[in-house]
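These protein sequence lines map, in sequence, to chains A and B. Number 184 marks the last residue of the first sequence (the working numbering); no jumps. Number 173 marks the last residue of the second sequence (the working numbering); no jumps.
In short, the hints are calculated from the structure, not lab data. For every residue, glycine included, the Cβ atom is placed at its ideal position computed from N, Cα and C. Keep in mind that the hints are not guaranteed to be accurate.
Said to hold, decoys possible - Result set (SDA-like, lysine to any residue): computed pairs, CA atoms no more than 25 Å apart in a straight line:
{"#": "1", "chain 1": "B", "residue 1": "Lys-136", "chain 2": "A", "residue 2": "Thr-106"}
{"#": "2", "chain 1": "B", "residue 1": "Lys-112", "chain 2": "B", "residue 2": "Leu-44"}
{"#": "3", "chain 1": "B", "residue 1": "Lys-136", "chain 2": "A", "residue 2": "Glu-137"}
{"#": "4", "chain 1": "A", "residue 1": "Lys-61", "chain 2": "B", "residue 2": "Met-45"}
{"#": "5", "chain 1": "B", "residue 1": "Lys-136", "chain 2": "A", "residue 2": "Ala-128"}
What the hints assert, rightly or not - Going by beta-carbon spacing under 10 Å, a handful of chain A positions derived as facing chain B:
{"#": "6", "residue": "Ile-67"}
{"#": "7", "residue": "Pro-86"}
{"#": "8", "residue": "Asn-129"}
{"#": "9", "residue": "Thr-131"}
{"#": "10", "residue": "Asp-138"}
{"#": "11", "residue": "Ser-177"}
{"#": "12", "residue": "Lys-178"}
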Amino acid sequence: MFTTVRKSFQNHPLKRLSLSVIGSATIAAALGSTLWAAPSFAQSKTTTAATTTYAGIMFHKCVNSPITVGAGQTVRGIAPISGTAPQASAYGVTARAVVFVQAGSTETTCLIKLAGGAVWGTPITIPANTTVSIPFEDTSPGLPGESYNIAIAIQAGSGGSLTVLPGSSLTIEGIASKPSNNAY
Amino acid sequence: MSRENQNHKNSKHGSLLAILALALVSWLAFPAVGHAQTGSYNGLMLQAQNMSAFTVPPGRTFTDVNQFDPRNIPADGLSNYTVVYRAFVYATAGASATTCVVGITEGPVGAKTVYSPAVTVPPYTTVQIPFEVVTKAHAGDLIQGSSTMSAGSQGGFTIGYFSSLTLLAYPTP
Chain A
1 MFTTVRKSFQ NHPLKRLSLS VIGSATIAAA LGSTLWAAPS FAQSKTTTAA
51 TTTYAGIMFH KCVNSPITVG AGQTVRGIAP ISGTAPQASA YGVTARAVVF
101 VQAGSTETTC LIKLAGGAVW GTPITIPANT TVSIPFEDTS PGLPGESYNI
151 AIAIQAGSGG SLTVLPGSSL TIEGIASKPS NNAY
Chain B
1 MSRENQNHKN SKHGSLLAIL ALALVSWLAF PAVGHAQTGS YNGLMLQAQN
51 MSAFTVPPGR TFTDVNQFDP RNIPADGLSN YTVVYRAFVY ATAGASATTC
101 VVGITEGPVG AKTVYSPAVT VPPYTTVQIP FEVVTKAHAG DLIQGSSTMS
151 AGSQGGFTIG YFSSLTLLAY PTP
């Protein structure tokens, strides 16, 4: 592009004046990028900011009342999240469950699953009459405009039942990024 | 005007043109460089952690723990934000089993606080308690936050080094 500009000005009688004008404009443009205080450039910045689109994903759901999971049973659909990603970008998506579970009179285990049960962690020991907090998360690539329908599934060990307490939550975070910049 | 002065003036003018031409080259060759950051600062990330352990006596609540420095969400970016407050607390019980309730205050000390269930801390045991809450915010909002820890009446506990409170604000529709 610069070559085209340069040739068009070669041997022009007003070359020097034109270059001075272009140079001044160039300096002004450079200043516009750095001097936010200048009103005219501040207006330009505001205009650009307004055209920036939403790119992130953030969905969150809490458990509001206790949920009992019988011994050896699995309860699905806990803290269900439904939402659609903006059409802006590809994403690196993290699903994070933070689950507060309480055992009854016998020791048991708690296994947290996501993605309809397709992803699961390690069974965590819950001593009798004890409450623990268990974090579990998984990541995956996301597509622009993709719909998310995710919930937690809790499987209690055969040793006894457990109760999922209010305050347990599921969070979906998506960071807009190039697919090649993510690793899963 | 002498020839020497004239030459000096021409040389000076030439140098100026060369600088201007160089600036033009930079501007045309890398048009994104000058504009890449325009409107691109949108998110916010804040964190605080306790750099020494401290003990919460039985039945007591400590507030204003790991209060992070208040900051504003950028005012010149997008309008709507989802804000995640995430606490990681390490609690160690003494000779008595006890419980630990973690609270997250979404604002200055004394503002609304959301509490976790009471998590069991067995005797002479350290447990990690993750707890997070989410709220909404808008461009330019001042974001403040801190955490609280409450010990059960059965016994106190010690909050370990580098328990933390992290805040992430994402621009979302």
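Each hint tested on the structure:
In summary, the hint linking Lys-136/B to Thr-106/A is not supported, as the alpha carbons are separated by about 40 Å, beyond the 25 Å threshold. Proposed proximity of Lys-112/B and Leu-44/B is supported: the alpha carbons are some 21 Å apart, at most 25 Å. The suggested pairing of Lys-136/B with Glu-137/A holds, with an alpha-carbon distance near 22 Å, which does not exceed 25 Å. At roughly 21 Å between alpha-carbon atoms, Lys-61/A and Met-45/B fall within 25 Å of each other, so this suggested pair holds.
Pair hint Lys-136/B plus Ala-128/A does not hold up; C-alpha atoms about 38 Å apart against a cutoff of 25 Å. Of the supplied interface hints, the one on Ile-67/A is violated, with its beta-carbon coming no nearer than about 13 Å to a beta-carbon of chain B, more than 10 Å. Checking Pro-86/A against chain B: minimum C-beta separation of about 6 Å stays under 10 Å; hint holds. The closest approach between the C-beta of Asn-129/A and any C-beta of chain B is roughly 8 Å, which is under the 10 Å cut-off, so the hint is satisfied.
Hint on Thr-131/A holds. Least Cβ distance to chain B is approximately 5 Å, under the 10 Å limit. Because the closest C-beta pair between Asp-138/A and chain B is about 15 Å apart, greater than 10 Å, the hint is violated. With 10 Å as the threshold, the beta carbon of Ser-177/A stays out of range of chain B, its nearest partner Cβ sitting at about 13 Å, so the hint is violated. Because the beta carbon of Lys-178/A sits about 15 Å from the nearest beta carbon in chain B, more than 10 Å, this interface hint is broken.
When the structure is compared with the earlier hints, violations turn up for hints 1, 5, 6, 10, 11 and 12 and for no others.
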